[in-house]
Every structure is written in C-alpha cells, then in structure tokens.
Amino acid sequence: MPEPLFKRSGALKVAMVAGEASGDLLGAHLMAALKARHPEIEFAGIGGPRMQAQGLYSVVPQERLAVRGYAEVLSRLPELLRIRAHLRDALIAERPDVFVGIDAPDFNLGLEKSLKKKGIRTVHYVSPSVWAWRPERVQKIGEAADRVLCLFPMEPPLYEKAGVPVTFVGHPLAGEIPLVPDTAAMREQLGLFPGGPVFALLPGSRVSEIDYLGEIFVKTARLLHERYPAAQFLVPLATRATLDAFDQMLSRLKAWDLPIRKLFGHAQMAMIASDVVLVKSGTSTLEVALTKKPMVITYKLSWLTYRLVKRKLKLPWVGLPNILLGDSVVPELLQYDATPERLAEAVAALYDDEPARQALTARFTALHRELRQDTAELAADAVLQVAGVPA
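Heads up, the numbering used here is the position in the sequence shown plus 5, with the first residue counted as 1.
In short, the hints are calculated from the structure, not lab data. Since we're looking at a predicted model, the values are computed, not measured. For each residue, glycine too, the CB sits at the ideal point set by N, CA and C. Just to be clear, a hint being listed does not mean it is correct.
[To be verified] In silico DSS-like cross-links for lysine-lysine, where the CA-CA straight-line distance does not exceed 25 angstroms: (1) 123 <-> 12; (2) 12 <-> 40; (3) 122 <-> 166; (4) 267 <-> 224; (5) 118 <-> 145; (6) 224 <-> 305; (7) 121 <-> 166; (8) 166 <-> 145; (9) 259 <-> 305; (10) 118 <-> 166; (11) 267 <-> 305; (12) 224 <-> 259; (13) 123 <-> 145; (14) 12 <-> 121; (15) 122 <-> 145; (16) 145 <-> 121.
[As the list claims (entries may be wrong)] Now the in silico label distances, taken between C-beta atoms and shown as ranges: (17) 393 <-> 185: 49 to 55 angstroms; (18) 90 <-> 361: 48 to 54 angstroms; (19) 379 <-> 346: 43 to 49 angstroms.
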C-alpha cells in the first residue's frame, strides 16, 4: 500500500506543487507564514530544498518537473503525466484542506481542475502570463482554481473582468531586496579590484541554458574585455551541474585568461556589485531591475520552440522589466540577434551612458515600490480563506 502523504490526524493539511526554483522560494515563504498561524500543519506534494526545509514531504524531486521549452517537453511528457496522475489519485484519496499550485501552469492547472471537481479547494499562486500569451485562458484558469494569487498589479483586472476570485500579493523579491543597494560595499565584500567596469553574466540556472547561452556569454565577455581591459566579470551559477558545464565551456573556448569570477549561487550579490548585467530572459530580469541595474536581456531556444513562442506572444517584449513598465526600457536581443558582437555593443552602450543608467534607476525604484507588498502574509490570508479555516 502506498505511503500516505499526510501523517498526523487532525492537522491542517496543505498540498503544494512548485515546479522550479522560483516557485520553491514562493512556497517556502508561504509555508513559513502558514506555520506561524497554524503550528499544527502538514505539507505534502512536490517542492525543492527550501520547501522541504519548511517541512514539505515531496513525493518526487522537484527537478523532475523542470523542463525547458515546448519542444523539449515532448520527450518527458509520459513521465510528467505519470507523476501528475499518481499525485492526483493520492490527493483525492487523502483530501487535503487546500491545494496550492505554485506556477508550473502546464502541470498544476490540470491537477487543480481534477481536484476541484472532486471538491478539494484549490489556489493557483502566480498567474500564468495571460497578458503576454492567451488572454482567453483566464476563464479556464478560473475553472481550475478557487482563487488566483497574482504577483503583478496589471493581472487582477483581467481576472476580475472574468469573475475569477483574485488577490494581488506583490512580489516577494521586492521585499527582500533593499530599495537602495550598496554597490561599493558589495564589491568590497566580494573582494573585487577597484577601478574598471564590473559586468555580471547570468546565463541561466539549468544546464540546458548553459548549453545554449554559455558560449555566447563567454565570447561577449571576450569582446567587452578587449574594449575595457580593466573589466571584471561575475558569473553566478546555481548548481554544481551548471558550474561544471560552464567550466567545460571555458576550457573548450580556452577562455581561462578572462577575469571571470564564478560564484556558487549569490546571483543577487553579483547584480548589486555590477555596473551592467547581461541576463537571460526570465524571473532573474525582475531581480536585476529590483537591484536597479541596467541590463541587456537575451535568450536562445531550439528553432522549433522559438517559432512556437514567437507565434503565440501577444506583446512586443519578453523581459519582465519592459512588460511591467510598458516600454522598451532595456534592450532585448533574442535568438538570431543574440550574437556576441551585438550583445557586447548593447552592454557597452549602457555602461558608457551614465544619464541613461540614472534614468533606469529612477524607473526601477518606482517599480520596486509598487511591487513591495507583504507577499507571504497576503498569500497566507488567501490560502486560509479558501481552505475555510481562521486566518
């Protein structure tokens, strides 16, 4: 007989699924807020190390859900469907008080819909990018979730118009990052040499992203170093696997002479210490904006995935800073435009233009203030309300 997900009778039972690192962070904060109000609480589902540290029983490693791109998901689809079906059946049998699907809409929304049909209350935490992709999905999301928790202020009106219960909770990163980061202190903490530009290179948190972007980033660094001989480069790498992949890239390109400082994690430290950031598209672009740093956004995908994405995209931007501010505030060089020459030129243009950098700081500060809410507490309020228990 399968091992039960929840061990204690009488405890408040919360099921959760987070598909990748950003969801793991959101889930851990939410769990801490819920535990502070209801110490007798149990969590089970799928999550990463932060959620597990808060007490989540994860039925499979979170990495099993992390799949990059439309084309790439096809080879993993049977396994993902098996995981979802197993978890669905277990949750229907054990009937948690509430299910919280954190991001990962392709996995979570189908699971939420099945659970909701069986009378289990559901919350979807992080609205899918309906404003960028398919606005018509709002109604379908409402069919799956009893409430949607939104991170960005332009999202709730879309749900309210469709009659879907929604709560704006802000973005947790806005509460963690100081409004005025101390660049000089961070450079001293990292032991960087004084003088000359500091560039942060963020090629991604997955090995597949290092495979697609690592060589381009290293070649971009080479061009920038030729232009600024005193430049220093910070490359935060999230895992041992990505660190090894990047080392292999450096060896293959014979680039050990470049002044590249690799960091194991510590992406935010690299951002704060930098003058300009070269960053792959994704949540990390918002983090760069919250550290008030100018950036160049880039990304490369398989040709099939890129064609699918380009066809579905409803907005002229992919970077969150541009989307949230409704303007082309930072350059985006994607796919065929993501060449070392063009990226190096864009990074250099930002570094050399001090007035433009100051203007970006002002706009990013205003965005930071708007997103700074008591995110975990607001999310906990909404989850407990859906669960029908006192907050």
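Hint check results:
1. 123 <-> 12: Distance ~22 angstroms between residue 123 and residue 12 Cα, so the pair holds.
2. 12 <-> 40: Within the cut-off at roughly 16 angstroms; holds.
3. 122 <-> 166: Distance of about 23 angstroms is within 25 angstroms: holds.
4. 267 <-> 224: Distance ~16 angstroms between residue 267 and residue 224 Cα, so the pair holds.
5. 118 <-> 145: Answer holds: residue 118 to residue 145 is near 9 angstroms, not above 25 angstroms.
6. 224 <-> 305: Cα-Cα ~15 angstroms, so holds.
7. 121 <-> 166: holds (22 angstroms)
8. 166 <-> 145: Given that 25 angstroms is the threshold and the Cα spacing comes to 13 angstroms, the pair holds.
9. 259 <-> 305: holds (23 angstroms)
10. 118 <-> 166: holds (21 angstroms)
11. 267 <-> 305: holds (22 angstroms)
12. 224 <-> 259: holds (11 angstroms)
13. 123 <-> 145: holds (17 angstroms)
14. 12 <-> 121: holds (23 angstroms)
15. 122 <-> 145: holds (13 angstroms)
16. 145 <-> 121: holds (13 angstroms)
17. 393 <-> 185: 49 to 55 angstroms: violated (42 angstroms)
18. 90 <-> 361: 48 to 54 angstroms: The hint (48 to 54 angstroms, Cβ to Cβ) holds, given that residue 90 and residue 361 are roughly 52 angstroms apart.
19. 379 <-> 346: 43 to 49 angstroms: holds (45 angstroms)
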